[in-house]
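Chemist: Below are the chains, spelled out letter by letter.
There are 2 protein chains.
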Amino acid sequence: MTGQIGRWLPILGWARDYRRATLASDLLAAVIVTIMLIPQSLAYALLAGLPPEAGLYASIVPIFLYTVFGTSRVLAVGPVAVVSLMTAATIGQVAEAGTAGYAVAALTLAFLSGGILLLMGVFRLGFLANFLSHPVVAGFISASGLLIAASQIGPLTGLKAEGHSLLAQLGSLAVQVTAINLPTVLIGGASLGFLFWVRRGLKPLLLRAGLPPRPADMLAKAGPVVAIAASTLAVWGLSLDGAGVAVVGAVPQSLPPFTLPSFDLALLRDLALPAALISLIGFVESVSVGQTLAAKRRQRIVPNQELVALGAANLGASFTGGFPVTGGFARSVVNFDAGAETPAAGAFTAVGLALAALFLTPLIAFLPKATLAATIVVAVLSLVDLSILKRAWGYSRADFAAVAATMAVTLGMGVEAGVSAGVLLSLVLHLYRTSRPHVAEVGLVPGTEHFRNIHRFTVETDPTVLTLRVDESLYFANTRYLEDLILARISGDTGLRHVILMCSAVNEIDLSALETLETLDHRLRDMGVTLHLSEVKGPVMDRLRRTTFLDHLSGQVFVSQFEAFCKLTGRCASQPLGPHAKG
Amino acid sequence: MTGQIGRWLPILGWARDYRRATLASDLLAAVIVTIMLIPQSLAYALLAGLPPEAGLYASIVPIFLYTVFGTSRVLAVGPVAVVSLMTAATIGQVAEAGTAGYAVAALTLAFLSGGILLLMGVFRLGFLANFLSHPVVAGFISASGLLIAASQIGPLTGLKAEGHSLLAQLGSLAVQVTAINLPTVLIGGASLGFLFWVRRGLKPLLLRAGLPPRPADMLAKAGPVVAIAASTLAVWGLSLDGAGVAVVGAVPQSLPPFTLPSFDLALLRDLALPAALISLIGFVESVSVGQTLAAKRRQRIVPNQELVALGAANLGASFTGGFPVTGGFARSVVNFDAGAETPAAGAFTAVGLALAALFLTPLIAFLPKATLAATIVVAVLSLVDLSILKRAWGYSRADFAAVAATMAVTLGMGVEAGVSAGVLLSLVLHLYRTSRPHVAEVGLVPGTEHFRNIHRFTVETDPTVLTLRVDESLYFANTRYLEDLILARISGDTGLRHVILMCSAVNEIDLSALETLETLDHRLRDMGVTLHLSEVKGPVMDRLRRTTFLDHLSGQVFVSQFEAFCKLTGRCASQPLGPHAKG
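Protein sequences, first through last, are from chains V and X. Just so we're aligned, residue 1 is where the first sequence starts under our numbering, counting upward by one. Just so we're aligned, residue 1 is where the second sequence starts under our numbering, counting upward by one.
Worth double-checking, as some hints may not be accurate.
[What the hints assert, rightly or not] These stretches of chain X come out as covered by chain V in the derived footprint (C-beta under 8 Å, 3 or more residues):
{"id": "1", "region": "392-398"}
{"id": "2", "region": "419-431"}
{"id": "3", "region": "479-489"}
{"id": "4", "region": "515-521"}
{"id": "5", "region": "540-553"}
Treat the hints as calculated values from the structure; they're not laboratory data. By construction, the Cβ of each residue, glycine as well, lies at the ideal position given by its N, Cα and C atoms.
Bound-form chain V, shown alone (with noise of 0.2 Å):
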């Protein structure tokens, strides 16, 4: 029973040996990581079109949850940038921005999203985010990316950009050019090029001042926080906001509300599939953070048991004022080399948040937009790498269709229809792939009991014996491909009396596969033509006993392919049978 417990309740396994060095550590790494947090939740709750408490509210309780239930010990969940533009797209296509409609949608899609979560962890579906394969994932993520940072041109010039592409974005932009808010774009401006020259020029300034490594990259990770500190100082100072500079306002000095979900029938309907495809996406992002770093230090997770935790942060954000949350890299790899030890970490870390909820937020009332749009611009143009289109049509045609169609329909038509393209794509060209797999006309290699290509190798055949070898499992998806092939290679052959398929490779028959042997025999019978089985592995020939296939088929079925060609061609009546003939 404890096991049971335990598989679903990570925490008991490392909860009971917790002690005051872990503790120290966990507490360290908790302080730095709020730190970091706080831009980071006011801007992505902006991004997703919500008010900015939200952004505090939906990493809160998420965390607590997670570290309840999660598998890794130092992935950092809540709200995440790509993650936050699936939101506001989806929502935005439900509610109007800013009105309490829009705020109960995402409350019912992070609901719909921790639901999914939760059943698929529950029903081990984790292979489910297989369907996302690398380059759609790297497509999706770079034009996420882009978009996000030009969804940022708006606030950072104190326009309003409109629409789901990139071109309708930029458009409306154009549009309204000279309507630019000179104070915002210079607030926006400014922190853009501090936030950039913290992270490229500050590190290595720290380093040669004498810093060590560590210390330097957190503080240079803390750039966020001066950049708002000192715009905020310089909106209140000098008044900007009564100058066009839009600036966060009044937020409530609260902890996390206990609210609802809406159980809308409709509504439902209209967000369970961006729900699924935010689970997935969010599921495939933070299993591969938490994955890299359980590695560093020789742990693993178990994927199916992050579903489950992920379902339940989202849940717990769902009932708590949040919106659709996931594990988030740049503060899991922060949390992990601020040496948190133990999800604990994440445990201080949701206390810290819930402190600055209740005692800081009056503080940023004028915090301008233009510096939260600043952070975000930063933090996701390091989500954009363009490389993966070179790679792609290096290594192969296919993985690079699937890549640029990806990228080309989020940017062109927004992000749920990139990510079901992508994976449509995908799916499409593994199937033409493995529908037409790789088989071998092969004859006997003289002297030997081996068989050979024919084509590559000088070997024996018999002009009434065709064998083929095929190099890929019988499966529905080219089951009709090997019939035709066979067929057309037989057609016109009259002097052809037995056809052996070679099944040394063939891991798997399925029923159509199954099938189309039948019908492929019945066939070749109608032109007087037998079929044989040769090499056929065991697990494949035991389900065949299950049927009544071996009955029925015309030829028979040898334990060799030597032996099969001896018997058939009758051709190796002198030589003595080897070693490997068992039959």
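Got chain V; can you put chain X on it based on the hints?
Modeler: Showing chain X alone in chain V's frame:
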């Protein structure tokens, strides 16, 4: 150039050598098929919800076009039961049966379907039909047969069934059971009884009477014509149309009219997905009939050119008052058995049907719809084969799930949902199966250079070296599983220094798998373990060489597993390397 043209116009291949003897056989077959097709065409038009003459029109120009473009010598194209049912289900959602809009929607569906088939043919996308696995097709056709039979209870009793699911139809009939029309039931029952007797009892009788099997078979196939003649005479003689028996009524005497599909964008969008499903189902049905018959004469058909021919046939139907068509099983078998030798038989059939449309239509004004319903029931019950459920259950649970889901959803929610559910489920199950490939931990069989599963053989291993043999190509669906498996196996094993992936069964490594190998290499390196590959196949190695993977790999690529094991363990230093060690 002639070869190119010949590929697109197979008629050029056979028309050149057309002879008088062939002409006689083809004409005879055409007469027999025409007689069989008249009632069938009328009946399937009614099944599709269209006026009976649409069935004749749908059989004339499409057959001509297939004669020009088709590669099967005997396939007979026209309305078929399952496609007619799908047509009715689709059009029923956008228009009211009996209205002009309904007929135009049918033309538009044929147009879209033709366009899709033609494009698939031109771009050689026939492999897309592989999405439909045998269990899905078998389940779908059986369930459709049941649905069609149930839908004919209405015409057989004078009632009017409603709804797309089996339950809805039966329910709607049950509530109006008191409104049954007795003369209709008598005619329907008599027709049904007669047709079943013709099918089961007449042929043995004719055989006993001394007729050779083929003519006996042909005569038995003419049963529907007799039923139609007798019931039409009965209705006319007894004026049963006045007693509530629904009759076909006035049918125009005309050649197929020139018609135009609708180019309304909203309609085209609504019909696009159903048209794609109809195209795929029709193509799969048609190709399997064509292949079965071609194989009997050692001929072959070209699936991608069949797409072109079926596309042309459907486009033809859309411009001449028809509805979606495909190659039919029963009529093609009759054509084959009657001795058709070239597609010219099809052209003669079209002439026969055109003459019927011009001159015979006045004769069927009193034809009771109940008799046509009886011919449909008798025809489709042969499609229902529930043994596929038992067969799939005995063979594999995954295949059973696909059949059962397809049948249940088709019967419960209609044809489109049924096919979609089946396709989706078989893809998900396939992905699930290949997402967990067989991976064996192998060791050296003492005294040989062979490596075998450590759980099945007594083999030598080394605590510092782990060798895993992967029995599947590495691609996006299984790459995460492999990573999890290796990390799980390694975590905690502190003595390990080397991991060797033995790739003898890996036919492909896609970009997702390549990136996983890179990530794995990094993670293993973080743990102080090096990653090696052995026995990588030539084409896979060529592709890897085009990347930087091999430069960054922590370990080496060994030509043979034996060499890898020897070098890394230093165990076989005393033993001379055998002839297989090429490195």
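Chemist: Are any of the numbered hints broken by this structure? If so, which, sorted upward?
Modeler: Violated hints: none at all, because every hint is consistent with the structure.
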